[in-house]
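**Q** Chains as they are written, first to last, in the working numbering: chain A, 1 to 177; chain B, 178 to 783.
Simulated from the structure, these hints should not be mistaken for lab results.
Among the hints, erroneous ones may be present.
Claimed, not checked - With a straight-line Cα cutoff of 25 Å, these simulated PhoX-like cross-link-like pairs (lysine-lysine) come out:
no.: 1; chain 1: B; residue 1: Lys-261; chain 2: A; residue 2: Lys-134
no.: 2; chain 1: A; residue 1: Lys-6; chain 2: B; residue 2: Lys-383
no.: 3; chain 1: A; residue 1: Lys-98; chain 2: A; residue 2: Lys-37
no.: 4; chain 1: A; residue 1: Lys-31; chain 2: A; residue 2: Lys-108
no.: 5; chain 1: B; residue 1: Lys-282; chain 2: A; residue 2: Lys-37
no.: 6; chain 1: A; residue 1: Lys-98; chain 2: A; residue 2: Lys-76
no.: 7; chain 1: A; residue 1: Lys-126; chain 2: B; residue 2: Lys-261
no.: 8; chain 1: B; residue 1: Lys-261; chain 2: A; residue 2: Lys-136
no.: 9; chain 1: B; residue 1: Lys-282; chain 2: A; residue 2: Lys-6
no.: 10; chain 1: A; residue 1: Lys-6; chain 2: B; residue 2: Lys-284
no.: 11; chain 1: A; residue 1: Lys-31; chain 2: B; residue 2: Lys-383
Remember, predicted model here, so these are calculated numbers, not experimental data.
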Amino acid sequence: MKTVNKRLIGLLVLSVFQLIFPLLFIAAKEKVIAEGKEYLFRIQPVDPYDFFQGKYVELNVQSLSFDSKNLTDYKKNEIVYVEFSQDSLGAEINRVSKEKTVNSLKLKMYSDPSVHTTIHFKLPFKRFYLEEYKAKNVELKLARSNSKRNFVHVKILNGEFVITDITSDGKSLVIEK
Amino acid sequence: MNLKDFLEDCKDEKVIDDATVDRIYAHFLVRQKQNHTYISAQQSQPKNNNGLIITVGIIGVLLVGFGIIYLFAHNWDQLSRSTKTTLSFLPVIISILANIFTLTKRKDNIVWQESTAVSTFLAVGSMLALILQIYHLPGIENYFFIYWCALCLPVVYLLNSHIAVFCAMLLILLNLLGNPMDQSSIFRLPWFSSLMLFTTLIPYFKSLFTLRNPERYYVLQQIALPLVVCLSVIASMQAAHASIWLITFLLLANFHLFGTSMFLRNEDRRPTLMSILSYIGVSLSLSYLLVDPEWKFERLLNVETNDYRLIFIPILLILGIIQVLLFYKKEKLSTTNAFKLLIFFPLPFIALDYMGYDVSSIFQILMIITCFLFIHFAQKNNDGFQLYPALSLITVLILSFIFQSNIRYSLFFFALIPSLYYFATSYFVIEQSKNKLNSDQIIILCLQLFILIVASFEGFWSITRFDMNSLKSYQIVSIVLICLGIVVFAYKSRNQILLHFSGVFGIASFLVPFLIFIGCVTNFGMQHFFTVLLLLFGISMLVFGARKANLTVANLSLALIGVVLLCRFFDLKMSLTVKGILFIAIGTGFFLANYLIFKNKKHENS
Numbered sequence: 001m002k003t004v005n006k007r008l009i010g011l012l013v014l015s016v017f018q019l020i021f022p023l024l025f026i027a028a029k030e031k032v033i034a035e036g037k038e039y040l041f042r043i044q045p046v047d048p049y050d051f052f053q054g055k056y057v058e059l060n061v062q063s064l065s066f067d068s069k070n071l072t073d074y075k076k077n078e079i080v081y082v083e084f085s086q087d088s089l090g091a092e093i094n095r096v097s098k099e100k101t102v103n104s105l106k107l108k109m110y111s112d113p114s115v116h117t118t119i120h121f122k123l124p125f126k127r128f129y130l131e132e133y134k135a136k137n138v139e140l141k142l143a144r145s146n147s148k149r150n151f152v153h154v155k156i157l158n159g160e161f162v163i164t165d166i167t168s169d170g171k172s173l174v175i176e177k
Numbered sequence: 178m179n180l181k182d183f184l185e186d187c188k189d190e191k192v193i194d195d196a197t198v199d200r201i202y203a204h205f206l207v208r209q210k211q212n213h214t215y216i217s218a219q220q221s222q223p224k225n226n227n228g229l230i231i232t233v234g235i236i237g238v239l240l241v242g243f244g245i246i247y248l249f250a251h252n253w254d255q256l257s258r259s260t261k262t263t264l265s266f267l268p269v270i271i272s273i274l275a276n277i278f279t280l281t282k283r284k285d286n287i288v289w290q291e292s293t294a295v296s297t298f299l300a301v302g303s304m305l306a307l308i309l310q311i312y313h314l315p316g317i318e319n320y321f322f323i324y325w326c327a328l329c330l331p332v333v334y335l336l337n338s339h340i341a342v343f344c345a346m347l348l349i350l351l352n353l354l355g356n357p358m359d360q361s362s363i364f365r366l367p368w369f370s371s372l373m374l375f376t377t378l379i380p381y382f383k384s385l386f387t388l389r390n391p392e393r394y395y396v397l398q399q400i401a402l403p404l405v406v407c408l409s410v411i412a413s414m415q416a417a418h419a420s421i422w423l424i425t426f427l428l429l430a431n432f433h434l435f436g437t438s439m440f441l442r443n444e445d446r447r448p449t450l451m452s453i454l455s456y457i458g459v460s461l462s463l464s465y466l467l468v469d470p471e472w473k474f475e476r477l478l479n480v481e482t483n484d485y486r487l488i489f490i491p492i493l494l495i496l497g498i499i500q501v502l503l504f505y506k507k508e509k510l511s512t513t514n515a516f517k518l519l520i521f522f523p524l525p526f527i528a529l530d531y532m533g534y535d536v537s538s539i540f541q542i543l544m545i546i547t548c549f550l551f552i553h554f555a556q557k558n559n560d561g562f563q564l565y566p567a568l569s570l571i572t573v574l575i576l577s578f579i580f581q582s583n584i585r586y587s588l589f590f591f592a593l594i595p596s597l598y599y600f601a602t603s604y605f606v607i608e609q610s611k612n613k614l615n616s617d618q619i620i621i622l623c624l625q626l627f628i629l630i631v632a633s634f635e636g637f638w639s640i641t642r643f644d645m646n647s648l649k650s651y652q653i654v655s656i657v658l659i660c661l662g663i664v665v666f667a668y669k670s671r672n673q674i675l676l677h678f679s680g681v682f683g684i685a686s687f688l689v690p691f692l693i694f695i696g697c698v699t700n701f702g703m704q705h706f707f708t709v710l711l712l713l714f715g716i717s718m719l720v721f722g723a724r725k726a727n728l729t730v731a732n733l734s735l736a737l738i739g740v741v742l743l744c745r746f747f748d749l750k751m752s753l754t755v756k757g758i759l760f761i762a763i764g765t766g767f768f769l770a771n772y773l774i775f776k777n778k779k780h781e782n783s
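Working from the sequences, and respecting the hints, build out all of it.
**A** As structure tokens, this is what we get:
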């Protein structure tokens with residue numbers, strides 16, 4: 001009887017963890033949505049005829065480059081915090097630092113600043129989940145429209161991010177069918 | 178009215194007397210007891226069908242789970258973000274309730290335990306996947322598998338589930354394929370988290386391997402455990418091939434030592450499944466050192482930044498040495514267990530290669546000698562288990578020569594393989610099996626015949642001319658050593674070879690490589706000679722099969738004659754009528770020979 005009680009307590013503790021962990025995750029993401037600053041990143045047209053990309057839109061965000069002159073004391077594979085500036089052509093990298101700031105995004109530096117003159121940062125916005133048929137439509141629209149005006153909307157706060165929308169010519173592609 | 182009342186009534190009415198009442202009632206009680214035990218035995222029988230019920234239960238849980246997920250997915254887009262997040266918790270809440278029910282009401286029911294444990298994995302997985310989807314995050318870059326596994330792994334212990342262990346092992350393996358972005362510190366590396374999770378399974382494995390109960394999971398885990406561990410090294414490591422090979426090799430060696438250790442081995446010293454599989458693995462992995470003479474161990478330490486897995490090389494080495502020392506502390510070194518030491522035979526050569534010395538040639542020659550010693554001791558100890566890995570290593574070596582030399586010599590090297598197998602295994606031929614072919618010998622015979630058929634084509638000999646330059650001197654030494662080994666084994670088991678099929682098979686095993694070699698070194702057209710030899714061989718086999726009433730040999734010989742004729746059909750200039758008559762003759766021969774042998778057998782039996 002005693003072992004069953006112990007196990008029951010163990011199970012309850014496990015259940016609490018199973019519920020609290022996703023709640024914390026959700027809370028963190030909701031905080032980013034509520035308080036984060038929105039940036040628009042340019043996305044390139046994707047091949048809409050790829051049948052393997054099922055229920056999501058492949059975003060294919062353009063990687064952003066930064067001059068490595070200011071990154072002399074950084075190493076390859078280091079985690080950095082990147083701040084952005086926003087203009088009509090999309091977000092650009094403004095500053096790279098080792099410390100977390102309010103509107104910075106956590107990124108990994110894949111290339112070595114001592115070797116390359118410009119560092120290309122790969123952005124972690126890769127997929128936008130949509131219903132299967134909708135996703136195909138969105139991909140078609142992205143492919144047809146002018147690539148300069150396709151953006152993915154990302155809210156950034158304390159190194160974290162949440163993708164909120166994708167727009168083409170200022171119109172959201174998610175809400176309309 | 179029960180029986181006792183009825184009997185009392187009969188007594189009162191003077192139908193039967195007192196003594197009869199007692200006798201009838203006593204007999205009734207005995208029968209009732211017997212009947213009771215029979216019913217309870219019948220009731221306990223379905224427990225043996227637990228495996229089926231568990232399987233069906235788990236399939237049911239899977240189907241219901243997927244059905245619910247599908248229903249949500251269909252209307253997913255219409256829901257608001259808050260509804261989506263709330264709904265994604267639903268499967269986990271259901272699984273928690275099911276777990277509590279199992280633990281309180283069905284605590285001894287294996288079906289409930291296993292099904293709810295599996296449903297926990299599914300529920301947590303779908304919840305995490307849904308939440309990641311809501312926030313548009315790809316799972317593989319966000320420690321998805323590690324969170325999933327960590328949140329579910331305790332059910333292994335809480336619900337005593339064995340199937341949950343397989344789920345956890347799968348997730349641990351999948352985690353290695355993930356590529357989280359911030360691999361900056363050691364505890365965040367996928368392999369390190371996988372390792373940590375795996376260590377939590379060690380108490381389970383300890384109890385399973387000590388108690389060996391339930392047996393099916395004990396046997397299954399002997400396969401699954403080495404497989405998952407080795408796969409995880411191969412699948413995830415981004416380093417030089419040499420270092421991945423070395424870690425896999427050391428892992429397999431350790432598994433083998435563990436499989437034969439006091440802890441795991443069977444009481445009757447039968448090899449365990451784990452020891453057999455890992456021994457085969459060790460032998461196969463050695464072929465890496467034999468096929469390519471450039472080992473490239475000097476690049477051993479070239480690993481991607483932040484991957485500290487090379488630390489396993491010394492750890493595994495020390496672990497292996499400790500296991501060997503522990504073993505020899507209790508057991509005396511003898512020819513039956515010397516192979517435990519020989520597992521570490523390649524390591525000094527690897528060290529020398531790392532330091533820049535080219536030792537592959539010496540390793541190759543020493544390897545051949547060691548393999549022959551192995552075969553010798555295996556024959557002496559009557560242990561087929563050790564014979565085949567040694568033979569397979571020599572085969573790999575011979576095959577590696579085939580790709581490095583010209584095609585004529587390739588056939589000669591290839592011809593050595595069946596002869597070696599025949600002479601090494603003929604040691605075990607006994608009086609009862611002297612006129613029979615076992616499956617190994619049938620394969621050997623077919624290979625020899627195949628070689629002779631290839632050699633009987635004129636086109637084969639005209640492809641290339643005699644050229645010895647393509648082989649290096651140490652490779653020639655190796656080939657000479659192998660030939661010597663064949664002769665020694667033939668001499669060792671000469672009595673058995675002469676007994677088996679009156680020595681015909683043995684003579685053929687000598688003749689085939691020898692004649693091919695003659696063909697290689699002379700420019701004389703040997704193809705007709707091989708055709709005649711094949712026909713002679715076929716006819717002598719046919720006569721032998723008919724005499725000893727051996728259907729296998731008789732049919733093999735007829736098939737051989739048929740194939741030879743078919744081959745000559747294309748390159749002999751004969752009229753079609755003659756060819757047709759020849760084929761009809763062979764077909765009739767098939768029928769006649771089988772008929773005669775059957776008749777003989779019937780006659781003998783009657």
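**Q** Now look at each hint and say whether the structure bears it out.
**A** Hint check results:
| no. | hint | result |
| --- | --- | --- |
| 1 | B/Lys-261 - A/Lys-134 | 18 Å, holds |
| 2 | A/Lys-6 - B/Lys-383 | 21 Å, holds |
| 3 | A/Lys-98 - A/Lys-37 | 20 Å, holds |
| 4 | A/Lys-31 - A/Lys-108 | 23 Å, holds |
| 5 | B/Lys-282 - A/Lys-37 | 52 Å, violated |
| 6 | A/Lys-98 - A/Lys-76 | 13 Å, holds |
| 7 | A/Lys-126 - B/Lys-261 | 21 Å, holds |
| 8 | B/Lys-261 - A/Lys-136 | 22 Å, holds |
| 9 | B/Lys-282 - A/Lys-6 | 15 Å, holds |
| 10 | A/Lys-6 - B/Lys-284 | 13 Å, holds |
| 11 | A/Lys-31 - B/Lys-383 | 45 Å, violated |
Comparing the model with each earlier hint shows violations of hints 5 and 11; every other hint is respected.
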